[in-house]
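J.: Read top to bottom, the protein sequences are chains S and C. Residues in the first sequence are numbered consecutively from 1, following our numbering. Residues in the second sequence are numbered consecutively from 1, following our numbering.
Watch out, some of these pointers could steer you wrong.
Label pairs and their calculated CB-CB ranges [stated by the list, open to error]:
| no. | chain 1 | residue 1 | chain 2 | residue 2 | range |
| --- | --- | --- | --- | --- | --- |
| 1 | S | Asp-291 | C | Glu-39 | 49 to 59 Å |
| 2 | S | Asp-291 | C | Ala-63 | 48 to 58 Å |
| 3 | S | Ala-22 | C | Ala-70 | 26 to 36 Å |
| 4 | S | Gly-193 | C | Ala-63 | 52 to 62 Å |
| 5 | C | Ser-27 | S | Leu-182 | 21 to 31 Å |
| 6 | C | Ala-70 | S | Ala-297 | 55 to 65 Å |
| 7 | S | Gln-104 | C | Ala-70 | 38 to 48 Å |
| 8 | S | Glu-43 | C | Ala-67 | 28 to 38 Å |
| 9 | S | Gly-145 | C | Ser-27 | 34 to 44 Å |
Far from chain S, by Cβ distances over 10 Å, these chain C residues were calculated [as the list claims (entries may be wrong)]:
| no. | residue |
| --- | --- |
| 10 | Ala-16 |
| 11 | Gly-37 |
| 12 | Val-61 |
| 13 | Leu-90 |
If you're looking for bench data, these hints aren't it; they were derived computationally from the structure. Keep in mind the model is a prediction, meaning the values are calculated, not measured. Just so it is clear, CB atoms sit at the ideal spot from N, CA and C, and this is done for glycine as well.
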Amino acid sequence: MNAPVANKLVLRRSYFEASARARVAAVLDAGSFREFLPPEASEPSPHLAVLDIPGAFDDGVIVGSATLGGRPVLVIAQEGQFMGGAVGEIHGAKIVGLLRRAVQEKPAAVIFMADSGGVRLHEANAGLIAISEVMRAVLDTRAAGVPVIALVGGSCGAFGGMGIVSRLCSAIVMSEEGRLALSGPEVIETVAGVEEFDSKDRALVWRVTGGKHRYLTGDCAELVEDDAASFRDGAIALLAGWQEPVPASSTLRAEQTRLTERRQRFAGLRDGLEVWQALGVAEPRQIPLMDRDSLVALKKGLPA
Amino acid sequence: MEKLEFRFPAQPATPAAGAALCGVVGSGNLEILIRPGDEADACVVSVKTSARGFGRIWEAVIAEFAARHAAGGTRIAINDMGATPAVVSLRLGQALGEYTGGVQ
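If we strip away everything but chain C, and leave its shape as in the complex, we get (with noise of 0.2 Å):
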């Protein structure tokens, strides 16, 4: 298992609910917990990841996606078996959408 932290600086995002769960932690899929963070422009994200090696792809990924949406001021805890990076952003669009209360 590797553990990464990654924080990138990100527009505000507006909660609809307390915290947000997608997705299951199985063959090829993670899950991604959104809880409201400490900083209103930034989003915190902490992986645990079963593939090792891997930190450069999902700090791309990951920056991508703060660049892309309004995901500041949470923090997204995330529980990978080995998802492909298109599935990580599907799956980080998914939950910032369920927690902003846009699309289920």
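So that you can see chain S by itself, here it is in the shape it has in the complex (with noise of 0.2 Å):
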């Protein structure tokens, strides 16, 4: 039976909604991946076991090599159902360790599935140490010349230092539903108060952390579907003719005068609304009813 084309179900398997190991299969090529430490070789969390509460036996955290595209990638992929995707020491050490194993292997990328409020609180400083070790390891991966590409599009999106994690690397790809910032929204409203930021307010959460918002603001450099294959899409074409650049302190100078700036461009703002807005968006309000490719088309034709 040949139905036509223009019937068949295009089938999606939503980013967001999937388990780390079925992103990991999903967006690389099929049945590449081979998993360093798997489950049956790897150690739950000390701490947790101490504090009675039962581990992972990855520890949240799946790394391993794969191709993407037919091109050699190490990977790392946290599972956000798993306490958060919170870094714990295990957790930090299998991702500074696949880091490591980048500086001298040299693939052509590392990807990086965020999805994690950032340190797992219960291993406190252990699990401080871990998240700034990962984030000196992203930059000593880049700056071997690998590039890391952070995909952000799962249910804890990336928070904390793992919301630093993530800019640290070379660049972004998004998903609408997916979410990006530094204190979450729960942490925001219990230290300053639900009159500075009401975080059950589900729309505004999105409006000041979401895709789209990080999108149009140039934080994350591809916005696409909630679909792993568009995740996956989104990393091939990223990767494409990417020349990672050597490190200098005259672009981080200027990177530090253009964050300045924009600081001060968007100060007082309090809504993602108002900062479209001010961005030179003619209709901020239709922003979260607009589909991906609309966006895209829209952002284009937005005054440098």
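Please dock the two separately framed chains into a single complex, following the hints provided.
T.: Quick look at the structure:
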């Protein structure tokens, strides 16, 4: 039975809903993934055991090698469903070990599927040290000429230390569903009060942390649909012809100046709607309703 | 956290892979790791669960699994975050399916 192409169902596999292992299987070349420290060889967190909390065999992160579009890559995938993807000691050590391997092996890229609220607070200093080591390792990897591409589209987004790690990467591929920020909405509400930020206002949360906002402000390089195949295509497109820049203090200073000016320009704005208006979007209220392709077209027409 | 250990007689399983993992240690869910065991006609299960006081229910669910499936010669490790008995049964079947190369 050959159904007409027009009637063919286009099946989507939600990246947001998928587990880390399902994402690894769907984003990379089929059957190419080889896991380092698989669950039967890895160790659950000793810190969680002391606190009488069941651990995960892989401590919530999968690392390994694969190919993407035929090119060799090293891969990190955080499992957001386990403790919010939070970075503990073993979790962090697996990521750092993989990035150090990238410095030695020089694959075409490291694909970092981030899905994490940041440091695993149960592990206190061990978790904080782990995430600072991850930050350093990302920069070392980039300095060795290996691009690190962050994919942000999981249910936990990328917050706290993992928000910083994501922005330290060479580039970010994001879906509308993904979220990226430093302090999470509930943290802000707890510290500064509901008048400052209402974490239960989901639309507001997405207007200030979500993929569309990050795309319009230039914090993510690619905006893709919530579909594992779209993340795959986005990462391949980004890597085609990518040349990792040689680190230089002049480029860092220029970036610092750009961010300082941006901060001054948007000072006092309290909602993504206001930021989008300041960016030159004629009808900011339409942004949350737009599909991905329309938004990408709209951004192209904005003043530089 | 409660740690439970069980051993049930079961028909020998025929592994297709060295180990199989399924599930995630998330709320209402669990992960199951199946590896080859030492006794061909027994299924040895160790459980770490966040929910205390459900030992008899675990025993019943795993006994039923061992009786219904050829799961002998296996060592099964479970990390649980409050999965219901139905979810545990489904995941056990799924994990064994992957271990023996059947339904993914």
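J.: All the hints need checking, so say for each whether the structure fits it.
T.: Results for each hint:
no.: 1; hint: Asp-291/S x Glu-39/C: 49 to 59 Å; in the structure: holds (57 Å)
no.: 2; hint: Asp-291/S x Ala-63/C: 48 to 58 Å; in the structure: holds (52 Å)
no.: 3; hint: Ala-22/S x Ala-70/C: 26 to 36 Å; in the structure: holds (27 Å)
no.: 4; hint: Gly-193/S x Ala-63/C: 52 to 62 Å; in the structure: holds (53 Å)
no.: 5; hint: Ser-27/C x Leu-182/S: 21 to 31 Å; in the structure: holds (25 Å)
no.: 6; hint: Ala-70/C x Ala-297/S: 55 to 65 Å; in the structure: holds (57 Å)
no.: 7; hint: Gln-104/S x Ala-70/C: 38 to 48 Å; in the structure: holds (45 Å)
no.: 8; hint: Glu-43/S x Ala-67/C: 28 to 38 Å; in the structure: holds (33 Å)
no.: 9; hint: Gly-145/S x Ser-27/C: 34 to 44 Å; in the structure: holds (41 Å)
no.: 10; hint: Ala-16; in the structure: holds (15 Å)
no.: 11; hint: Gly-37; in the structure: holds (13 Å)
no.: 12; hint: Val-61; in the structure: holds (17 Å)
no.: 13; hint: Leu-90; in the structure: holds (15 Å)
In summary, the structure agrees with every hint in the numbered list given earlier.
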